[in-house]
Amino acid sequence: GESVGLHLPTLSVQEGDNSIINCAYSNSASDYFIWYKQESGKGPQFIIDIRSNMDKRQGQRVTVLLNKTVKHLSLQIAATQPGDSAVYFCAENIESGTGANNLFFGTGTRLTVIP
Amino acid sequence: NAGVTQTPKFRVLKTGQSMTLLCAQDMNHEYMYWYRQDPGMGLRLIHYSVGEGTTAKGEVPDGYNVSRLKKQNFLLGLESAAPSQTSVYFCASNQYSNYGYTFGSGTRLTVV
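So the protein lines, in turn, are chains A and B. If you're matching positions, the first sequence starts at 1 in our numbering and goes up one per residue. If you're matching positions, the second sequence starts at 116 in our numbering and goes up one per residue.
Keep in mind that the hints are not guaranteed to be accurate.
The calculated lysine-lysine pairs, modelled on DSS-like cross-linking and capped at a C-alpha distance of 30 Å, are [what the hints assert, rightly or not]:
{"hint": "1", "chain 1": "B", "residue 1": "Lys172", "chain 2": "B", "residue 2": "Lys186"}
{"hint": "2", "chain 1": "A", "residue 1": "Lys42", "chain 2": "B", "residue 2": "Lys186"}
{"hint": "3", "chain 1": "A", "residue 1": "Lys42", "chain 2": "B", "residue 2": "Lys172"}
{"hint": "4", "chain 1": "A", "residue 1": "Lys68", "chain 2": "B", "residue 2": "Lys172"}
{"hint": "5", "chain 1": "B", "residue 1": "Lys129", "chain 2": "A", "residue 2": "Lys42"}
{"hint": "6", "chain 1": "B", "residue 1": "Lys185", "chain 2": "B", "residue 2": "Lys124"}
{"hint": "7", "chain 1": "A", "residue 1": "Lys56", "chain 2": "A", "residue 2": "Lys68"}
{"hint": "8", "chain 1": "B", "residue 1": "Lys172", "chain 2": "B", "residue 2": "Lys185"}
{"hint": "9", "chain 1": "A", "residue 1": "Lys71", "chain 2": "A", "residue 2": "Lys56"}
{"hint": "10", "chain 1": "A", "residue 1": "Lys42", "chain 2": "B", "residue 2": "Lys124"}
{"hint": "11", "chain 1": "B", "residue 1": "Lys185", "chain 2": "A", "residue 2": "Lys42"}
{"hint": "12", "chain 1": "B", "residue 1": "Lys124", "chain 2": "B", "residue 2": "Lys186"}
{"hint": "13", "chain 1": "A", "residue 1": "Lys42", "chain 2": "A", "residue 2": "Lys56"}
{"hint": "14", "chain 1": "A", "residue 1": "Lys71", "chain 2": "B", "residue 2": "Lys172"}
{"hint": "15", "chain 1": "B", "residue 1": "Lys172", "chain 2": "B", "residue 2": "Lys129"}
{"hint": "16", "chain 1": "B", "residue 1": "Lys124", "chain 2": "B", "residue 2": "Lys172"}
A few chain A residues that face chain B, going by a derived Cβ cut-off under 7 Å, partial list only [as the list claims (entries may be wrong)]:
{"hint": "17", "residue": "Gly59"}
{"hint": "18", "residue": "Asn93"}
{"hint": "19", "residue": "Asn102"}
To be clear, the hints were calculated from the coordinates, so they are not data collected in a lab. We put the beta carbon where it would ideally sit given N, CA and C, even for glycine.
Could you build all of it, start to finish, from the sequences and the hints given here?
Spelled out as structure tokens, the structure:
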């Protein structure tokens, strides 16, 4: 499968600032991308997704941007809060050829919010 | 609604021992997955299932076997555990193949 990479392994932001987490992907055929949040000792939690026919999608305090030209994905968190401290993973959806589309994950970015 | 439940949460095995990890979902999802998570390597797909009675290999299937005899359960087996299988194992499921997964809380396995 294609690898999904993240530019920065760690990110520290002041509480109240905006956070931007970046992700590069290499499979131009990927048509679906997801951001997950993982807190210590827990399983990944779905944050937001985006399909390849969109450039931007907004949720509550989060926005995902997709740039297919350069194969780049970003997650923006507005007014970052201490509860946002976690590891964030991007994942790309790749057709397996066996009836399932499998998710391939990046290595993650650890976001630390400084009070 | 429990979602995806994994048992056990922790386990220590000796090299060569066998064990089965259980994943149960109560959302009537068709698709189920087993991932392992190692430090600095993200999550890697071990095996998956597209429906009851089916299984398929993922990225890192060697040393593992799976079974999906009932739609709600997906079992991951280690026949002869090795230290390289020390990891955190996550199960996930979804109803449609190109939608986000719901993950369990993980099983931390240590092989000594």
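So, going through the hints one by one against the coordinates:
1. B:Lys172 x B:Lys186: Distance ~18 Å between lysine 172 of chain B and lysine 186 of chain B Cα, so the pair holds.
2. A:Lys42 x B:Lys186: holds (24 Å)
3. A:Lys42 x B:Lys172: holds (25 Å)
4. A:Lys68 x B:Lys172: holds (29 Å)
5. B:Lys129 x A:Lys42: holds (25 Å)
6. B:Lys185 x B:Lys124: Roughly 21 Å between the alpha carbons, so the hint for lysine 185 of chain B and lysine 124 of chain B holds.
7. A:Lys56 x A:Lys68: Given pair lysine 56 of chain A, lysine 68 of chain A holds - Cα atoms ~11 Å apart, limit 30 Å.
8. B:Lys172 x B:Lys185: holds (18 Å)
9. A:Lys71 x A:Lys56: Given pair lysine 71 of chain A, lysine 56 of chain A holds - Cα atoms ~14 Å apart, limit 30 Å.
10. A:Lys42 x B:Lys124: Given pair lysine 42 of chain A, lysine 124 of chain B holds - Cα atoms ~11 Å apart, limit 30 Å.
11. B:Lys185 x A:Lys42: holds (26 Å)
12. B:Lys124 x B:Lys186: holds (22 Å)
13. A:Lys42 x A:Lys56: Holds. Lysine 42 of chain A to lysine 56 of chain A sits at ~28 Å (cutoff 30 Å).
14. A:Lys71 x B:Lys172: holds (27 Å)
15. B:Lys172 x B:Lys129: Holds, at about 25 Å.
16. B:Lys124 x B:Lys172: holds (24 Å)
17. Gly59: violated (12 Å)
18. Asn93: holds (6 Å)
19. Asn102: Cβ of asparagine 102 of chain A sits 6 Å from chain B, so the hint holds.
Checked against the numbered hints given earlier, this structure breaks only hint 17.
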